[in-house]
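Number of protein chains: 2
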Amino acid sequence: MSDINNWRKFSNKKTPAIVPLGKKFYEYVKPGTNVLDIGCAFGRVSFELYKKGYNVVGIDFNENEIKYAKRDAKKISVLGSKIKFVVGNANDLPFPDNSFDAAVMVAFMVTIVKPEERIQVLKEAYRVLKDKGTLYLSAFGQNWDNEKYKKRYEGHFPITKEMGTFIVTDTHDLGGKELYRCHHYTEDELRTLIQNEFNILSWEYTTFKTPSGNTSNGFMIVAQK
Amino acid sequence: MSDINNWRKFSNKKTPAIVPLGKKFYEYVKPGTNVLDIGCAFGRVSFELYKKGYNVVGIDFNENEIKYAKRDAKKISVLGSKIKFVVGNANDLPFPDNSFDAAVMVAFMVTIVKPEERIQVLKEAYRVLKDKGTLYLSAFGQNWDNEKYKKRYEGHFPITKEMGTFIVTDTHDLGGKELYRCHHYTEDELRTLIQNEFNILSWEYTTFKTPSGNTSNGFMIVAQK
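Just so you know, the protein sequences line up as chains W and G, in that order. Each residue of the first sequence is one higher than the one before, starting from -6 at the first, in the numbering used here. Each residue of the second sequence is one higher than the one before, starting from -6 at the first, in the numbering used here.
Just chain W, with the same shape it has in the complex:
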């Protein structure tokens, strides 16, 4: 069964998907504030924010990724800015209530294949944000006009039991060893999930590239506590 233990195994270089942080983030969140990067992996987005003058805490449950991130954090220093990394779980954040001005989840929700955990992850982000704090979230949308994805969604549904959740294997078909599962969201699904906790301020439609050369529909959302 796929769960976070599969994600735990990924090393630095194998982290799937490269999704940039949307420009909207910078319109809503000003440098000098405290930003939590949820599911930061080896810190690509964390370091980008740090270099722009934000105080960043990156969190990921993958200990290897955090090890890399900490190593890199020692190498660079931005005057007046802080960057920290910590191992931890997005559904049980090790921070007090009302700690951060903003939180980002860049292509993180794609990894959460249990619906109840998605709710919990958003509740936790809400809890650690200050009043009126900003959530920036980008997620993969479902791609029904792409035959390859359509086949995956429909073919894997009998196993994953959720439409949009599919299995990535080492042989790129269901006969191989399962590496991890992914979930692509419908717009309604994601809206409902976020609106349970937050007020949506901005919703953008985009296209993300995946490491295998595919493209996918994507959503970039800014929301407020």
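Some hints could be false.
Where chains are identical, the list cannot tell them apart; a pair therefore holds if satisfied intra-copy or between any two copies.
[As the list claims (entries may be wrong)] Taking lysine-lysine pairs in the DSSO-like style, the calculated list, with each CA pair at most 27 Å apart, reads:
| # | residue 1 | residue 2 |
| --- | --- | --- |
| 1 | Lys23 | Lys123 |
| 2 | Lys45 | Lys123 |
| 3 | Lys141 | Lys68 |
| 4 | Lys60 | Lys144 |
| 5 | Lys116 | Lys67 |
| 6 | Lys123 | Lys143 |
| 7 | Lys125 | Lys218 |
| 8 | Lys202 | Lys67 |
| 9 | Lys68 | Lys107 |
| 10 | Lys125 | Lys75 |
| 11 | Lys202 | Lys44 |
| 12 | Lys116 | Lys68 |
| 13 | Lys125 | Lys23 |
| 14 | Lys63 | Lys107 |
| 15 | Lys75 | Lys107 |
| 16 | Lys218 | Lys116 |
| 17 | Lys44 | Lys218 |
| 18 | Lys107 | Lys67 |
Treat the hints as calculated values from the structure; they're not laboratory data.
With chain W's structure known, arrange chain G on it following the hints.
Quick look at chain G alone, frame taken from chain W:
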């Protein structure tokens, strides 16, 4: 050379010294607030606070201790209270500025044998506390009236290069394998250290027991950001 790597090795049961949290803490810090337990080990003090209705984050660089603490946290649940544990270093806390209402360091400073690191640890506690936040700190005092300690301080000084810092070995003399180093504070030393950052509100003198059956002078301090 002794450093945090030696402390890292200690498992749950071997953590030296049992020092209770002083009652003064409860006079100054009210339940329902967010408390950071710095150097929490397996969480003895963290759980005590949690059971009394505080929201607690415990931090320690010893991964084994945190593993035990997290395991125990899953077993108990106090209505409306939160307890979280995280691996991290007291001289580089993975929290934003102004996050906690209070921080405790119970018999933690005894483990910090580098003077510059003591300063950094207090600076970090200061940083993560909210304005007017409370620091509770207990520390071992030097024991010059105790022949055993006097011998240690004087005998180990040529090696440790700091009076009050001594070496604990597996054979209980300097011929054995070094397990860890400890530092016992003079009152002046500790006062200066704390006053660099904080306003001292309360200073109590007490006696602590050590696991080996010794007793030691102790200080219990409440200070304010």
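Consistency of the hints with the structure:
1. Lys23 to Lys123: Classified as both: same-chain Cα gap 15 Å, cross-chain 21 Å, threshold 27 Å.
2. Lys45 to Lys123: Both: 21 Å inside a chain and 25 Å across chains, each within 27 Å.
3. Lys141 to Lys68: neither (42 Å within a copy, 45 Å between copies)
4. Lys60 to Lys144: neither (37 Å within a copy, 42 Å between copies)
5. Lys116 to Lys67: Between copies, since 19 Å is at most 27 Å while 32 Å is not.
6. Lys123 to Lys143: Answer is neither: 40 Å inside a copy and 51 Å across each miss the 27 Å cutoff.
7. Lys125 to Lys218: Both: 5 Å inside a chain and 26 Å across chains, each within 27 Å.
8. Lys202 to Lys67: neither (30 Å within a copy, 39 Å between copies)
9. Lys68 to Lys107: This pair counts as between: shortest inter-copy Cα distance 23 Å, intra-copy 37 Å.
10. Lys125 to Lys75: So Lys125 and Lys75 pass the 27 Å test inside a copy (22 Å) and across (22 Å) alike.
11. Lys202 to Lys44: within (24 Å within a copy, 48 Å between copies)
12. Lys116 to Lys68: between (34 Å within a copy, 22 Å between copies)
13. Lys125 to Lys23: both (14 Å within a copy, 26 Å between copies)
14. Lys63 to Lys107: between (29 Å within a copy, 22 Å between copies)
15. Lys75 to Lys107: For Lys75 and Lys107, only the inter-copy Cα distance (23 Å) is at most 27 Å; the intra-copy one is 33 Å.
16. Lys218 to Lys116: Within one copy only: 10 Å inside, 31 Å across.
17. Lys44 to Lys218: within (26 Å within a copy, 29 Å between copies)
18. Lys107 to Lys67: between (35 Å within a copy, 20 Å between copies)
In terms of the numbered hints stated before, the structure departs from hints 3, 4, 6 and 8, listed from lowest to highest.
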